[in-house]
Every structure is written in structure tokens, then in C-alpha cells.
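Chemist: Work the whole structure out from these sequences, hints included.
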Amino acid sequence: MRLGRYVLQRLMLAALSLWLVTIIVFVLLRVIVPIFYADAVDILAADVSHNDPQRAAELRTEYGLSSNPTDLASRYVDWIGGIFTGDLGTSIFNGRTVAAELKDRLPVSLELGLIGLTSGLLVAIPLGVAAALWQDRWPDYFLRSIFIMLQSVPGFWIAIMIITLGSIWYNWAPPLGTQFRYIQDDPVAHLKIMWLPALLIGLTPSAGLMRIVRTQMLEVMRQDYVRTARSKGLTERTVIVRHAMRNALVPVVTVIGLSLPGLIAGTAIFESIFTLPGMGQYLVGSVTRMDYPVIQSTNLVFAFLIVMANLAVDLSYPFLDRRIKY
Amino acid sequence: MATRVTSTAGEFVYRSPSDRPLPLRMVYALARFARRKPLGFVGLLMVFALIFLAIFAPQVAPYAANKQNIRHSLEGSSSAHWLGTDGLGRDVLSRLIFGARISITVGFGAVAIGATGAAVLGIVSGYFGGTFDKIVQRFVDAWQAMPYLVILITFMGIVSRMPNVNIVLALVLAMGILSIAGSSRVIRSQVLTLKGAAFVEAAESMGAGHTRIMLRCILPNVFPLMLVNATVGLGGVILAEATLSFLGFGPVGQPSWGQMLSVEGRQYMRAAPGLAVYPGLFIGAAVFGFNIFGDALRDVLDPRLRK
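If you read the protein sequences in the order shown, they are chains C and S.
Position 68, counted from 1, in the first sequence is what numbering that gives the first Met the number 0 calls 67; the numbers after and before it change by one each time, with no gaps.
Position 124, counted from 1, in the second sequence is what numbering that gives the first Met the number 0 calls 123; the numbers after and before it change by one each time, with no gaps.
One should not assume that every hint holds.
Stated by the list, open to error - Restraint-style ranges between C-beta atoms, simulated for each label pair:
1) C:Y75 x S:A79: 56 to 66 Å
2) C:R54 x S:L214: 52 to 62 Å
3) C:D223 x S:L23: 44 to 54 Å
4) C:A55 x S:R70: 42 to 52 Å
5) C:N67 x S:R70: 52 to 62 Å
Hints in this document: simulated from the structure, not taken from any laboratory.
All C-beta atoms in this analysis are idealised placements derived from N, C-alpha and C, irrespective of residue type, glycine included.
Modeler: Below, the structure is given as C-alpha cells:
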């Protein structure tokens with residue numbers, strides 16, 4: 000029953016992480032920022048250069064802003080209590096519930112992230128293996144330099160380059176989300192909009208993955224069991240695919256887990272560039288509108304996704320590698 | 000002090016490399032680094048060039064960063080404006096040179112906070128061990144699981160809207176604090192091995208206190224690791240700053256690469272594609288320089304990779 004204990008331990012850790020995230024986000028938004036900087040109402044007042052203490056006080060109640068510790072505590076309890084009943088809060092800006100927005104937006108972001116990750120892996124694994132097999136010869140140098148450069152250049156710059164150069168040279172521009180179609184309404188139009196941002200999201204993480212695949216592959220190819228497999232007379236192809244790769248890829252799962260925050264951040268940026276109605280765009284928009292309940296709950300949803308993905312990675316080890324025992 | 004002896008030919012020779020004066024030792028160390036890690040040395044040169052540009056921007060840049068000249072807006076490359084001008088007729092090259100200041104300030108500032116915090120957290124947690132270490136490490140777990148850029152977007156998105164706020168300082172603090180957790184792990188694991196070393200035991204037997212051991216025995220030994228973490232982290236911080244500026248949550252009033260790319264670059268995409276191309280190249284070159292230098296430094300300094 001060691002596995003059961005391990006699972007339980009991981010679950011408790013995930014819950015602890017999420018709880019800490021709620022504390023940090025809440026304290027950041029409602030305590031640290033108002034104390035050291037200013038709160039939403041101050042900003043609104045500065046924006047319209049209008050200072051009316053009475054109206055400001057009214058707005059503060061409307062926004063649920065308060066510097067009174069008991070007030071803050073009860074707000075926090077309300078928020079957390081709401082989450083357990085499926086109530087993630089309501090937007091101050093347009094009165095829509097966060098839960099309703101999530102129902103539309105979460106699938107878009109998840110789709111972007113999943114296509115991005117899958118395509119990134121489909122590129123990174125074969126190229127990483129190839130670079131390892133040709134170690135220190137020109138294909139290796141070539142692939143590694145390309146991927147090091149890819150890691151240095153911001154992904155959003157590549158996106159802008161494709162949009163700019165495509166429109167100048169080929170008079171082609173990717174369709175932007177202004178004419179966004181949901182997959183259930185018009186799958187073809189949907190994919191036409193989604194394919195480019197999805198591939199671009201996977202590009203930057205794939206560089207790190209390719210480098211780790213190469214290192215792991217080099218490590219594994221030196222092992223005794225690879226020599227044994229070769230001396231049994233197996234073809235090189237079987238040795239690589241059945242013996243080497245399967246073992247080289249276990250640590251890669253960890254790196255996938257580590258690259259998820261980047262992937263999720265990527266959706267935030269690419270959704271803004273391509274104006275796709277996903278979670279990232281929701282967050283950026285709610286931050287510019289100072290929509291406190293939405294900011295709080297979107298942060299929590301992002302944290303939830305990352306924590307769950309890490310949990311899945313941790314729990315997959317015992318199945319991927321039988322030598323690991325808990 | 001017989002460090003220098005006169006050779007038969009009448010010139011000064013040093014008896015051993017360690018007798019050389021410090022500046023000369025540094026030159027030799029640099030030459031050795033260049034020989035062993037040519038690519039890393041190229042990265043170091045790029046880093047130096049960037050720091051030079053940032054410090055001497057007013058002297059190097061041909062124009063002031065915000066000098067407008069509407070009659071010369073959106074021009075292409077010319078001898079007067081090497082990389083052309085933007086929509087307000089400002090010189091793009093000058094703005095890129097001044098933009099290095101934000102990247103360098105934010106990069107070094109955030110990394111300094113991150114490295115110091117990580118050293119304190121990693122050393123204290125690893126050195127004392129036990130239940131204390133276990134509790135601290137669970138918090139570090141949670142800290143690492145946080146969506147780094149999402150929290151940054153949230154914090155900077157609000158702070159950058161506020162009047163009279165030092166946005167650069169806020170950026171440095173936020174990124175520094177968020178990056179503590181990750182590198183404290185590496186330092187802690189190094190501290191765990193160091194704790195059993197003979198020199199720590201020797202210091203203990205001479206009656207040295209915890210503070211003294213941590214500062215005099217452990218800190219100097221994790222310092223190379225801190226340096227490696229910081230260098231490797233710099234590229235990431237510069238990228239994150241560019242991302243935030245790109246989203247419009249960065250410093251305002253002074254040029255930064257991400258903001259140039261997003262505001263001017265996207266607006267005049269077709270008329271002047273250079274406005275989008277050059278900032279990206281500068282970001283890429285800076286991050287590339289720090290990355291390859293950091294990788295080489297890791298090979299040389301990281302005790303776990305030493306063979």
C-alpha cells in the first residue's frame with residue numbers, strides 16, 4: 000500500500016500549493032498593492048483626474064475594497080467558500096459569472112496548450128534522438144544551435160514576424176480572433192484560426208525538451224543493456240526504439256511538467272496577439288479593467304491547471320519506470 | 000615576499016601562478032575560459048557589450064531616446080538613422096541602445112534579489128535540516144508550482160497603471176522574489192553534501208557557532224553555484240521583462256525592447272517592418288549571450304558536473 004500513501008501525500012501537497020496560491024493572490028491584490036501602491040478606486044480617480052471622497056467611498060463598497068482586517072478576512076472566506084460550491088465570483092465589469100466565462104474560455108486555452116505541447120513533443124523527441132545519434136557531427140551542431148537560438152528569442156516575436164513577413168511577402172495574414180468560431184460551430188474555420196498560435200506556443204518549450212532528450216539519449220546509449228541488446232544481434236532500429244528511447248524518455252516527463260507554466264503563460268501572450276477568447280486573454284483583460292473577482296479566480300484556475308499537471312507527472316513515474324518504488 | 004625572481008634573461012618571472020597579482024590572474028583565468036569554452040566566451044563578450052551599451056547609452060547613442068522629428072517618421076535605414084525611425088520620427092537604434100538599460104537593470108536587480116534570497120533560504124533550510132527543513136521545503140514546493148508569469152502579469156498589470164510608481168523597482172522586486180524558490184532547491188542540495196564535510200566538522204569542534212559555519216564554511220562553497228544560477232536566470236528574467244512590456248505592463252516613459260516591439264512594431268507592421276524586427280533581434284541576442292555564457296559557466300563551476 001506504499002503507492003496509496005504516495006498518492007495521498009502528493010494530493011495533500013497539491014492542496015497545500017493551491018491554498019498558498021489563494022493566500023498569495025488575495026494578499027497581493029487586497030493588501031500589498033493597496034498599502035504600497037493604490038487600489039482600483041485610486042486608479043480610476045487618477046484616470047479621470049477627479050477626486051470626490053464620497054463617490055470614492057461608494058465605489059470602494061461596490062468593489063468590495065476595505066483595509067479593515069475583519070472585512071478582508073470575511074471576503075477571503077467568502078471567496079474560498081464560493082469556490083467549493085462552484086461559485087468563482089462575478090465580474091464587476093460586466094456582471095457575468097466567472098464560471099460561465101470559464102465554460103467558454105477554458106476549452107480554447109486547453110486546446111491551444113494541448114496542440115502546442117503535442118506538436119512540440121513530436122518535433123523535440125525525434126530531433127533530440129537524431130542529435131544524440133549524430134553526436135558532435137554537423138547535424139548535432141546544426142540542431143543544437145537552432146534550438147539554443149529558439150530558446151533565446153521570444154515566442155511572441157516569432158509570431159509577429161510571421162504575421163508581418165507573411166503579409167508583406169505573400170500578402171497572407173493569419174485570421175485573427177475577431178472572426179473567432181468555436182469548434183462545435185464551424186470546425187474548419189476554427190482550426191484555420193487555431194493552428195498557428197497553437198504551433199507557436201509549443202515552439203519555445205520544444206527547444207528545452209529537445210536538449211533534454213538529447214542528453215538523456217546520450218546517457219542511455221552508454222548503458223550496458225544497450226550493448227547487450229546490440230550483441231544479441233538486434234537491429235539498430237530495435238535497439239534505439241525499444242531499448243534506448245523508452246528509458247531515455249522517463250526524465251523527459253519531468254521536463255514536460257516543468258515546462259507547463261511556460262506553456263500556460265504562452266497561451267496568455269498568444270491569445271492577446273491573435274485575439275483568441277481564451278483564459279489568458281481573460282486574465283490580461285481583467286487586469287487592465289481591475290476586475291478583482293475575475294483576477295483572483297483566473298489566477299487560481301491557472302494555478303489549479305499547473306498543480307494538477309504536476310500531480311499527473313508525479314503519479315506517472317511508478318507506471319513509466321518500474322524501478323521507482325514508493 | 001620573494002614572489003618575483005629575475006630570470007637569466009633579466010626579466011621578471013613569477014614562481015607560481017598564484018603569486019601573480021590579481022589583475023593578471025584574472026586575465027589568465029579569462030584566457031583559460033576562452034580556450035576551454037570558446038562559445039561561452041562569445042556569450043561573455045556579448046554580455047559585456049550589452050552592459051557597456053546600457054551604462055554609456057547617452058554617449059553611444061546617436062540621438063536622445065525620446066527626441067521626436069515628425070518630418071522624418073517611418074524612414075528606412077540611412078546614414079543618419081542606421082536602423083530607421085519610428086512613427087514619431089525617433090531614432091530606432093538610439094531607442095534600442097537606451098532600451099538595454101531597462102533589460103540590464105531589471106535583469107541584474109531581480110537576479111541579485113533572487114540569488115541572495117535563494118542562498119539564505121537554501122543554506123538555512125539545508126543546514127538545520129529536520130522538521131524545519133521539511134516544512135520549508137513543502138512551502139518551496141508550493142512556491143514553485145505557482146504560475147510565475149501569471150502572477151507577474153496580475154501584479155504588474157495593476158501596478159503599472161498607478162501614477163507615481165517606480166515600475167522598474169516593482170518589476171525587480173516581483174521577479175526577484177518569485178525566482179527565489181527554484182534556485183534555493185539547488186543550493187539546499189549542495190548544502191546537504193557540504194554539511195558532512197571534514198572542514199565543517201573541524202569548525203564545529205573548534206566551537207564555531209551556526210552563523211559562523213554557515214557564513215564562513217558553507218556560503219563560500221555554494222557561491223559558484225549561486226553565480227551559475229544567476230547567470231542562467233538572467234536570460235529568463237530579460238525575456239519575462241520583454242513579455243510584460245510587450246503586454247503593456249512594463250515601464251513607461253523610457254524605451255524598452257518589448258514595448259517597442261508591441262507598440263511601434265505592431266502599429267507600423269507593413270510600413271516599417273524593421274520596427275518589429277530589430278527589438279526582437281536585440282532581445283534574442285541578449286538572452287542568447289546570457290544563456291551560452293551561463294551554460295559554459297555551469298560546465299566550469301558546477302561541482303556536480305566536474306569530472
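Chemist: Look at each hint and say if it fits the structure.
Modeler: Hint by hint, here is what the structure shows:
no.: 1; hint: C:Y75 x S:A79: 56 to 66 Å; result: holds, 59 Å
no.: 2; hint: C:R54 x S:L214: 52 to 62 Å; result: holds, 55 Å
no.: 3; hint: C:D223 x S:L23: 44 to 54 Å; result: holds, 48 Å
no.: 4; hint: C:A55 x S:R70: 42 to 52 Å; result: holds, 45 Å
no.: 5; hint: C:N67 x S:R70: 52 to 62 Å; result: holds, 57 Å
In this structure, every one of the numbered hints holds.
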